[in-house]
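Top to bottom, those sequences are chains A and B.
Residue numbers are given in our numbering: position 267 of the first sequence equals residue 267, and the series is strictly consecutive.
Residue numbers are given in our numbering: position 213 of the second sequence equals residue 213, and the series is strictly consecutive.
The hints are simulated quantities; they were obtained by calculation from the structure and are not laboratory data.
One or more hints might be untrue.
Unchecked claim - Computed spacing ranges between beta-carbons, pair by pair: (1) A/Gln152 - B/Leu68: 50 to 60 Å; (2) B/Leu194 - A/Ser37: 31 to 41 Å; (3) A/Arg62 - B/Ile73: 51 to 61 Å.
By construction, the Cβ of each residue, glycine as well, lies at the ideal position given by its N, Cα and C atoms.
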Amino acid sequence: MSILLRNILKMYGEQTVVNEVNLEIFPGELFVLLGASGSGKTTILRMIAGLVSPDRGEILFRDRVMNALTPQERNVGFVFQNYSLFRHMTVAENIGFGLRIRGTSRKERDEKINRLLDLIGLPGFGHRYPSQLSGGQQQRVAVARALAYEPQVLLLDEPFGALDLKTRMQLRQSLKQIHRQLGVTTVMVTHDQTDAFELGDRIGIMERGKLLATGEPSDIYKRPKSEYVAQFLGAANFFTGIMQERNIQIGSSFLPLPEGAAPPEKGERVQVLVRPEQLEIASYREELRGTYLGEGEIRDCLFIGGFHRMTVHVSGVVRSITSGFGDTDPTNLSVQMASGQGSYPTGQGEKVVVGVTSFHILPYQGLHILVGIDGSEHGEHALQFAVYLSKKTQGRLTIIGVAERFLEETKAREGLAQASQAAQKQIQEVATAYRRGHPAEEILNETEQNLYDLVILGTRGRHAPSRFLGSTAARVSVNAPVPTLLTPTPFQDFKRILVCISSERVRKSDIRFVGRIARNTDAGVTLFHVSPEGGEKEGYFYLQEVRQILQNLGLRVETKIAEGEIVSTILKEAYEGSYDLLVLGTRVGNLREAFLTNSVTSQVLSQVDRPVLILHIRPPM
Amino acid sequence: MNNTLSLPRVRLRLPWRGMLISILFLILFPLLIMPIGAIFVFATRDGLSRFIHALTGEGAQFALRLSLFVAMITSLLNSILGTLTAYIFANYRFPAKRPLGILINLPVAIPTVVVGTSLLLLWGPIGLVGRYFDPLGFRPMFAIGGILLAHVFVTFPYMLGAVKPVLDELEVTYEEAAYTMGAGRLKTFWYVILPSLRGALFTGTLLTFAHSLGEFGATVMVSGNLRLRTQTAPLYIFSQFEAGNIEAANAVAAVLAILSFIIFFVLLHVTEREQPDEA
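When you get a sec, could you build the whole thing from the sequences and use the hints?
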């Protein structure tokens with residue numbers, strides 16, 4: 001009996017509890033829905049049973065739409081979290097209830113009851129009352145009761161909830177055995193990962209109403225599709241790596257790509273997942289089986305019956321903060337070593353070498369935007385822009401707040417919480433990052449540790465002092481590894497983009513980035529080139545190149561060429577054409593060079609009254 | 001769901017233990033114990049035979065039988081009404097649910113005499129509603145029907161108070177389990193919900209019965225206190241005492257007292273037994 005859920009939506013008041021879930025469960029399999037409380041998994045189970053109706057979408061049992069059928073008509077077996085055994089009936093009467101309703105003869109009923117009692121390992125318990133049974137026994141009776149009338153589907157709602165570990169382990173085994181014996185399509189809902197991994201033929205991960213991933217447990221664990229899913233299933237170390245010819249560069253190490261892997265483009269930044277058990281430590285480099293990552297020392301070491309869980313500080317390698325065994329120092333890696341396989345250092349403070357035995361490259365997941373807020377209205381503007389872009393590109397958003405001084409801490413955290421809440425109303429995946437220190441530095445650190453596609457900051461635009469030097473916006477836009485968007489005004493519209501082309505080239509990937517944004521937001525792109533007095537062919541050719549790149553993405557691009565003084569012409573065009581975004585390039589790395597030299601970009605920035613996207617000019621080859 | 005051990009009561013060691021307990025007895029004695037004792041003393045003062053003779057009189061017999069009859073019917077009616085009300089309140093939402101919930105508990109607050117008066121004003125021959133029913137021959141007032149009406153009204157909160165909490169406590173999954181197993185609403189009510197209300201219904205019935213037995217204020221108004229027609233036991237006691245027949249009054253009073261004690265002790269036994277079961 002296969003089960004198909006199509007576009008299931010359920011809302012309770014304003015809250016979307018189940019958000020467009022599509023799921024197929026194969027006949028005879030044991031499918032486990034894993035998620036935290038409030039993720040919507042129980043609601044889905046109850047919808048399959050017919051106890052709750054979806055607001056939208058269909059539920060099908062082997063191609064038959066079940067939406068209109070009552071629970072009585074669906075022939076499902078349901079095991080509730082609290083078992084809900086009928087207290088005034090004996091165990092036998094409980095188990096036989098479903099059969100009694102169906103009018104089965106007494107003799108047949110008794111036979112079935114006895115067989116089930118044997119199956120669940122409680123022969124002879126028929127005359128007892130539920131109050132005389134232990135938790136584990138009650139649970140088994142609940143399962144037997146649900147199976148007595150041979151339902152087409154068995155549904156279990158957190159069946160091992162309030163039981164101790166040993167009983168849980170026993171019951172998991174029993175359930176697995178019963179499932180193997182009967183072969184009934186079973187759907188189980190739990191928040192316990194061990195349940196899911198041990199019992200599930202396939203598992204599905206739910207979070208805040210959305211089904212994030214489905215697949216076999218080992219598959220999802222080893223090759224998760226997103227950072228969130230990876231973390232959900234266990235501790236993880238995430239690194240930002242740069243693709244090279246046949247390996248990935250992390251820090252100063254080069255990890256060889258696994259055989260047959262299709263490498264992303266060279267130079268592209270990717271997110272790499274390394275589970276603690278995929279890292280190894282040793283006393284000497286020669287002892288490492290995998291690729292050498294770096295040297296470090298053991299900060300902390302815990303023995304967890306069979307494993308050592310360690311926090312190892314490795315200088316020169318930086319991991320994403322939101323991973324590992326809860327450590328927030330990005331230079332500390334989470335390593336797990338199995339204690340049965342040879343000896344390795346375990347003492348605190350011991351110097352070790354760290355190696356990587358295997359890893360997984362996370363697939364690209366849509367635009368990841370980092371927006372900085374500082375409590376001012378400029379931060380607000382930046383946030384509005386970020387939310388809009390995030391929504392349109394169906395990407396993720398991370399909001400960062402930096403407290404410079406100790407006194408600002410609470411305000412900073414509150415501001416972050418508020419911003420996050422506001423953003424979550426429109427976007428699904430919102431994360432926050434809180435830092436203490438110098439804003440520009442912390443933001444740049446964040447872009448190093450985590451993989452972003454864009455940084456958005458608010459500026460005071462025309463009101464800023466003419467010397468940008470030292471401002472957060474300036475430093476970040478010059479030094480960040482990704483494009484930076486500076487916005488001086490509240491977010492209004494996003495319909496027209498003006499890309500200013502000069503003879504200086506930017507990265508192709510950045511051009512494509514602009515193109516992607518334009519495509520997702522349906523904004524029109526105009527390429528603008530101001531040829532300086534006297535004419536210049538370089539810029540014109542480059543403009544055609546960019547046009548081609550964008551047209552290849554399926555965009556219709558306008559081009560405009562003007563003559564005159566660059567800065568004022570650009571500003572005039574921006575104003576007259578009512579553009580919502582200007583795209584400019586800046587030289588990388590050197591703040592002085594970029595700004596103090598009164599470059600076009602810095603001049604425009606100091607006089608412009610609309611958002612500017614800053615791309616990095618590639619140094620001349 | 002294991003049986004929890006009940007901890008033994010820790011006896012506080014207070015000073016003047018003996019004196020405090022003596023004071024307690026000193027207060028309880030004249031208030032409670034002596035008056036009840038007086039009934040029995042007076043009832044049997046002139047010998048047991050006189051006692052039985054007073055009881056077998058026509059008036060006494062009728063009064064006792066009527067009271068028992070009314071109490072039983074009231075209990076039955078209220079079991080049904082109380083369960084129905086509790087079920088509706090637990091399962092459905094409707095406008096004015098809150099004020100209605102308060103209203104149905106009102107009888108506890110209203111003086112029973114006022115209840116009686118208001119019933120007369122409604123159903124009596126010149127009452128708001130009664131005046132239309134009177135020519136049709138439907139005259140509940142000054143008849144047993146009126147007494148039943150009054151008793152059901154007055155004792156309803158007791159039944160509801162016993163059943164409703166138990167029904168509310170019943171997790172919704174209890175019913176849902178039955179639904180998933182194929183039982184419709186009606187079957188679920190009969191096989192699953194009603195049996196789980198057994199204890200509450202029993203307690204409610206005992207309470208209703210006891211209150212009905214002793215009901216005076218409303219009964220005296222709506223019944224008209226017609227001897228051998230609508231005179232319940234409490235009314236009989238009152239009338240006989242007023243008329244000076246103290247023995248007769250005492251005899252019936254003693255019977256009522258004994259009945260009340262029996263009901264009380266059964267109630268106590270039942271509720272104490274149910275306590276440890278409720279995990």
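Here is how each hint holds up against the structure:
1. A/Gln152 - B/Leu68: 50 to 60 Å: 56 Å, holds
2. B/Leu194 - A/Ser37: 31 to 41 Å: 33 Å, holds
3. A/Arg62 - B/Ile73: 51 to 61 Å: 55 Å, holds
Consistency note: the structure conflicts with none of the earlier hints.
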